[in-house]
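Chains as they are written, first to last, in my numbering: chain A, 1 to 331; chain B, 332 to 662; chain C, 663 to 857; chain D, 858 to 1052.
Keep in mind the hints are simulated off the structure, nothing from the lab.
Heads up, a few of these hints could be off.
What the hints assert, rightly or not - Pairwise CB distance ranges (calculated):
id, chain 1, residue 1, chain 2, residue 2, range
1, B, E645, A, D122, 47 to 57 angstroms
2, A, A166, C, E678, 43 to 53 angstroms
3, B, S662, D, E1013, 45 to 55 angstroms
4, B, A341, C, G779, 49 to 59 angstroms
5, C, M663, B, S662, 56 to 66 angstroms
6, B, G540, C, R832, 33 to 43 angstroms
7, D, R918, B, T460, 16 to 26 angstroms
8, C, E802, B, G540, 43 to 53 angstroms
9, B, S662, A, V201, 41 to 51 angstroms
10, B, V532, D, R918, 23 to 33 angstroms
11, B, E473, A, A166, 57 to 67 angstroms
12, A, Q210, B, A341, 20 to 30 angstroms
13, A, P141, D, R865, 55 to 65 angstroms
14, C, G779, B, P653, 57 to 67 angstroms
What the hints assert, rightly or not - If you only want the chain B side, here are some residues facing chain D, beta carbon under 7 angstroms, derived:
id, residue
15, A410
16, G438
17, L442
18, N443
19, I527
20, A529
21, F535
Every residue gets a Cβ at the ideal spot worked out from N, C-alpha and C, and that includes glycine.
Residues per chain, in single letters:
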Amino acid sequence: MQKILNDPAAFVDEMLEGIIAAHPGQLRMPAARAIVRADAPVRGKVAIATGGGSGHLPVFMGYVGRGLVDGAAIGNVFASPSSDQMLDVTHAIDGGAGVLYVYGNYGGDRLNFDLAAELAADDGIEVRTILGADDVASAPPERADSRRGIAGIFFLYKVAGAAAAAGATLDAVVTVTQRAAAALRTMGVALSPCTIPAAGVPTFELPAGQMEIGMGIHGEPGVRRGALESADQIAGELLTAILADLPYRRGDSVGVLVNGLGATPKEELYILYRAVARLLDGEGIAVHRVWIGEYATSLEMAGASVSLIRLDDELRGLLDAPAETPFFSQS
Amino acid sequence: MQKILNDPAAFVDEMLEGIIAAHPGQLRMPAARAIVRADAPVRGKVAIATGGGSGHLPVFMGYVGRGLVDGAAIGNVFASPSSDQMLDVTHAIDGGAGVLYVYGNYGGDRLNFDLAAELAADDGIEVRTILGADDVASAPPERADSRRGIAGIFFLYKVAGAAAAAGATLDAVVTVTQRAAAALRTMGVALSPCTIPAAGVPTFELPAGQMEIGMGIHGEPGVRRGALESADQIAGELLTAILADLPYRRGDSVGVLVNGLGATPKEELYILYRAVARLLDGEGIAVHRVWIGEYATSLEMAGASVSLIRLDDELRGLLDAPAETPFFSQS
Amino acid sequence: MLVEAVARDLATHRDELNRLDGVAGDGDLGLTAATAAAALLELAPSLDSMPEEEAIRRCGRELATRAPSTGGTLLAFALMAAGKAEVGSEARPTARAAAYLRAAADTIAARGKAAPGDRTMLDALLPAVEALERGATLREAADAAAAGAAATAAMEPTVGRAAWLADRARGHEDAGARLIAMAFEAAARETTLGA
Amino acid sequence: MLVEAVARDLATHRDELNRLDGVAGDGDLGLTAATAAAALLELAPSLDSMPEEEAIRRCGRELATRAPSTGGTLLAFALMAAGKAEVGSEARPTARAAAYLRAAADTIAARGKAAPGDRTMLDALLPAVEALERGATLREAADAAAAGAAATAAMEPTVGRAAWLADRARGHEDAGARLIAMAFEAAARETTLGA
Ligand SMILES: Nc1ncnc2c1ncn2[C@@H]1O[C@H](COP(=O)(O)OP(=O)(O)O)[C@@H](O)[C@H]1O
Ligand SMILES: Nc1ncnc2c1ncn2[C@@H]1O[C@H](COP(=O)(O)OP(=O)(O)O)[C@@H](O)[C@H]1O
Ligand SMILES: [Mg+2]
Ligand SMILES: [Mg+2]
Ligand SMILES: [Mg+2]
Ligand SMILES: [Mg+2]
Chain A
1 MQKILNDPAA FVDEMLEGII AAHPGQLRMP AARAIVRADA PVRGKVAIAT GGGSGHLPVF
61 MGYVGRGLVD GAAIGNVFAS PSSDQMLDVT HAIDGGAGVL YVYGNYGGDR LNFDLAAELA
121 ADDGIEVRTI LGADDVASAP PERADSRRGI AGIFFLYKVA GAAAAAGATL DAVVTVTQRA
181 AAALRTMGVA LSPCTIPAAG VPTFELPAGQ MEIGMGIHGE PGVRRGALES ADQIAGELLT
241 AILADLPYRR GDSVGVLVNG LGATPKEELY ILYRAVARLL DGEGIAVHRV WIGEYATSLE
301 MAGASVSLIR LDDELRGLLD APAETPFFSQ S
Chain B
332 MQKILNDPAA FVDEMLEGII AAHPGQLRMP AARAIVRADA PVRGKVAIAT GGGSGHLPVF
392 MGYVGRGLVD GAAIGNVFAS PSSDQMLDVT HAIDGGAGVL YVYGNYGGDR LNFDLAAELA
452 ADDGIEVRTI LGADDVASAP PERADSRRGI AGIFFLYKVA GAAAAAGATL DAVVTVTQRA
512 AAALRTMGVA LSPCTIPAAG VPTFELPAGQ MEIGMGIHGE PGVRRGALES ADQIAGELLT
572 AILADLPYRR GDSVGVLVNG LGATPKEELY ILYRAVARLL DGEGIAVHRV WIGEYATSLE
632 MAGASVSLIR LDDELRGLLD APAETPFFSQ S
Chain C
663 MLVEAVARDL ATHRDELNRL DGVAGDGDLG LTAATAAAAL LELAPSLDSM PEEEAIRRCG
723 RELATRAPST GGTLLAFALM AAGKAEVGSE ARPTARAAAY LRAAADTIAA RGKAAPGDRT
783 MLDALLPAVE ALERGATLRE AADAAAAGAA ATAAMEPTVG RAAWLADRAR GHEDAGARLI
843 AMAFEAAARE TTLGA
Chain D
858 MLVEAVARDL ATHRDELNRL DGVAGDGDLG LTAATAAAAL LELAPSLDSM PEEEAIRRCG
918 RELATRAPST GGTLLAFALM AAGKAEVGSE ARPTARAAAY LRAAADTIAA RGKAAPGDRT
978 MLDALLPAVE ALERGATLRE AADAAAAGAA ATAAMEPTVG RAAWLADRAR GHEDAGARLI
1038 AMAFEAAARE TTLGA
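Next up, chain A with everything else stripped away, as it sits in the complex (with noise of 0.2 angstroms):
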């Protein structure tokens, strides 16, 4: 396990102190692994919360910040954290007027998340709650409200956060934010696995030569095994499955997001953008903004996601605002 750290087990909690020890004036632990913002609570604002497990940085807490989410609750690596902990980020964000839960579809989140709501409105806090089920390799059409959550959910974040931080109410975010969701499909490859601290060993074998496509940021089965291909056919095998799914259409505009698992370098994602920008030209999809690097990631796994959202002049100026995080800045 080529990894620096220290006792394995103290991975999350070290990686926390590191972060509010290099982030003080933006960010704070008001409780044991809940961030949020330094500021928060915001008076007035929709405060946006977020979590799941460890291992996928800049998600969660990298999107803690101006213009993005209000704070996250943090668990073990690929685990989720505790009601009491999204219970903790909840008290500490409520600016008064509501609160937002958006995050990836997984088990372990939503049964903790459903708890923490109950418990929050018992508290008088009003909360809603948005998943990212972006995954089209996870389930067919007929059950899409079973897709993992994965890297797209960073644009669930950014309409969230824009319209939040543009004073809409809890009703205004959350119709928006339900209509990026809908409008918004990932899929992805992986070309190694990766290793959880505490276990040691990789979660499963991908031998050398060898892709999955659709694997799940945590080591999930994904549709397919085969031979690594190249990047222009990788390209085309994930936007056909995305296109054919929503489906995107010719005049349609979208936002991209080419994103890295771990240990694909900045190099090989453009490289992959390049195929991915001539199909898209070939459709008649226009792209109104890319963002390009690593989004969500899953530990040092190599591999890449594409995401699409289907952009109406609302969503464009939602995913043009600035926003500001330690991990993520746009102006």
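Chain A is fixed; fit chains B, C and D with the ligands onto it per the hints.
What follows is chains B, C and D with the ligands alone, placed relative to chain A:
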């Protein structure tokens, strides 16, 4: 070779096509493998040029933008660009106030940039040069001018770019950037090799369970190879060498860069930073600001480096100035 | 003490549970089990002084805080419900266990929206509960749980992470079911030894 | 034709040169050699019609543009200088070669700030030049280059990337020196065969 690419021989050109396709409003390519700000030349502003081999994104063209550098000449993976390319960049960015070359201290780059500077002078453009030579592991202090340039060059770009953006003269930009270079030290550790796409096999072997302290960002030999140690021990070894070299002293104010080499997750970088912060605190050295992430990579190499720059009021102001490129944004 | 025996045993199966969970899930159930075990071992001394029901609920709350993965949270809900089950105070130990575990199984089914045959913990837990309800010994219940876990190797997963690529799971037991079988086995062994 | 023969041969040693360069440098000299070879092969047909000196300079300019690594750039400078060397037009081929290559070696030494014994290309090139200056055949010069390259395995590197961790290099020939030896070997073989 678990890489997302097409023809390895087209790696660099396809990556550049992807970058230009992704960021047409911010970057353009006026000649082959010459990347400049879309709005270059900026009339009356001192222009900053850089360049070197590919495989280090965001080094080099990731720093082309507002408040940083104006253009970059891009070579094959780990190989210098040609003097022609450097001259093309120089002509494309020259705004009439002179050009500063800032690049890493490597033989091929020096030979070619020096020739380009001579040719530019023939064309009436005043060119000055500052080398990044921050790697304390690469030579003892008495041969400091033969040291390799590694991740610390980010600070040189930031300082030179901010000074130039603020309207400083070529002499003034050179003076302050030289002061930054003199106050800057870096040292790194590698936990895995990387593979040049066209070579197809790793440049060197580094067995699991081993690390190499002081390795260069192209796999050049470090100062010692041994059993992989804890994050705290690694931080101790890197900082001991860095602090003693300048030396940094109690009461100093520093900027800190914890840089990932490619495959090392951000989680680990923050665990490393936690140790760095404690050690600096123990030494009575104040951290003004930190940058943590991938600032100078070595393809998919695992590992990290730590850079310190000693600051005065002017340098603090320049490091804090806003900057924006498709790869780096700070407001 | 039963909690300690089960916790100590589960911790030894960390890597096996990780491996099974890695076949179709995210390879961390062993870590969750080890974390839960450590939490319960810390808690155990304080349980002695509590009434049985309260001790069970307390274990559930501990899992909810310390091991909040899917499996851990479902077990937490299950124990919290078990500790509220209607149990005749006169009842024999296995009858009490049957009542607690019926409540636990119903809660997992409800919260997890899972049915028998869905390739989950339930497929090991339900056979054991039914055996206890029929008056079986803990030893026999443990065997029923093991058989139930073994049967999951042939089941199509339809819930949880494993549902996403059904094929890869086939031939391997569900990790959560295995964990339940291990817990029963450890409990049966402890009860026999202690008897 | 000599350029083509040498270029074709060098391309076959890509992996060996990468490996040698990887011992203490960045493992890309084979790639540089292969790129340079491809560039020279493209260029070769146009060289036939040029005077010898001009063809040599043209090869140098091609390397400067297409293979601008440390090794490639030094060779580019070397060839550009060689093509300007004072060579009696009456001189025999090996005497002309001696004059060209002396200019080349001097340029590498000057531009690279390298001296004999520094573990560089120079340590293969100089022995060959000296042999030619003593009237040796190209075959003998190639043997001198090979011996010079072999000797680099015992040298302390002091310039270039290899200087950074001297120990790792010991026992391995310098990659650039090996490349020079290979080029002489290919040239000698071609000249013999062609003779
Ligand atoms: N909806 C569900 N209902 C019942 N049991 C479930 C459900 N989802 C998962 N499980 C059980 O939980 C086990 C996985 O637990 P765990 O590794 O903690 O989950 P995760 O890592 O997905 O949070 C599975 O093997 C299965 O037995
Ligand atoms: N300063 C120098 N003077 C002469 N030869 C040098 C010098 N530096 C490097 N070399 C030669 O160049 C070879 C490496 O070439 P190359 O791989 O192209 O360099 P790099 O990858 O560092 O740009 C070395 O093996 C050595 O023979
Ligand atoms: Mg998990
Ligand atoms: Mg090189
Ligand atoms: Mg799991
Ligand atoms: Mg080299």
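Structure-based check of all given hints:
1. Separated by about 55 angstroms at the C-beta atoms, B:E645 and A:D122 satisfy the suggested range of 47 to 57 angstroms.
2. Checked against the hint of 43 to 53 angstroms, the C-beta distance between A:A166 and C:E678 comes to roughly 52 angstroms, which is consistent with it.
3. For the pair B:S662 and D:E1013, the beta carbons lie near 50 angstroms from each other, so the given range of 45 to 55 angstroms is met.
4. Checking the proposed 49 to 59 angstroms range against B:A341 and C:G779 shows it holds: the Cβ atoms sit about 52 angstroms from each other.
5. Checking the proposed 56 to 66 angstroms range against C:M663 and B:S662 shows it holds: the Cβ atoms sit about 59 angstroms from each other.
6. At about 35 angstroms, the CB distance of B:G540 to C:R832 agrees with the hint of 33 to 43 angstroms.
7. Restraint check, D:R918 to B:T460: a C-beta distance of roughly 24 angstroms satisfies the suggested window 16 to 26 angstroms.
8. At about 47 angstroms, the beta-carbon gap between C:E802 and B:G540 stays in the expected band of 43 to 53 angstroms.
9. Restraint check, B:S662 to A:V201: a C-beta distance of roughly 42 angstroms satisfies the suggested window 41 to 51 angstroms.
10. For B:V532 and D:R918, the hinted distance range of 23 to 33 angstroms is satisfied, since their beta carbons lie about 32 angstroms from each other.
11. Checked against the hint of 57 to 67 angstroms, the pair B:E473 and A:A166 passes, with Cβ atoms roughly 59 angstroms apart.
12. Between A:Q210 and B:A341 the C-beta distance comes to about 23 angstroms, which sits within the given range of 20 to 30 angstroms.
13. Checking the proposed 55 to 65 angstroms range against A:P141 and D:R865 shows it holds: the Cβ atoms sit about 56 angstroms from each other.
14. In this structure, C:G779 and B:P653 meet the distance hint of 57 to 67 angstroms, their C-beta atoms being roughly 60 angstroms apart.
15. Nearest Cβ of chain D to the Cβ of B:A410: about 4 angstroms, under the 7 angstroms cut. The hint holds.
16. Annotation: B:G438 was flagged as interfacial toward chain D, and the flag holds, the nearest CB pair being 4 angstroms apart, inside 7 angstroms.
17. Given hint, B:L442 at the interface with chain D, holds; its Cβ is 4 angstroms from that chain's nearest Cβ, closer than 7 angstroms.
18. Nearest Cβ of chain D to the Cβ of B:N443: about 5 angstroms, under the 7 angstroms cut. The hint holds.
19. Below 7 angstroms, beta-carbon pairs count as interface contacts, and B:I527 has one with chain D at about 6 angstroms; its hint therefore holds.
20. For B:A529, the interface hint holds, the least distance from its beta-carbon to any beta-carbon of chain D being 5 angstroms, beneath 7 angstroms.
21. For B:F535, the suggested interface contact is upheld, since its CB lies about 5 angstroms from the closest CB of chain D, less than 7 angstroms.
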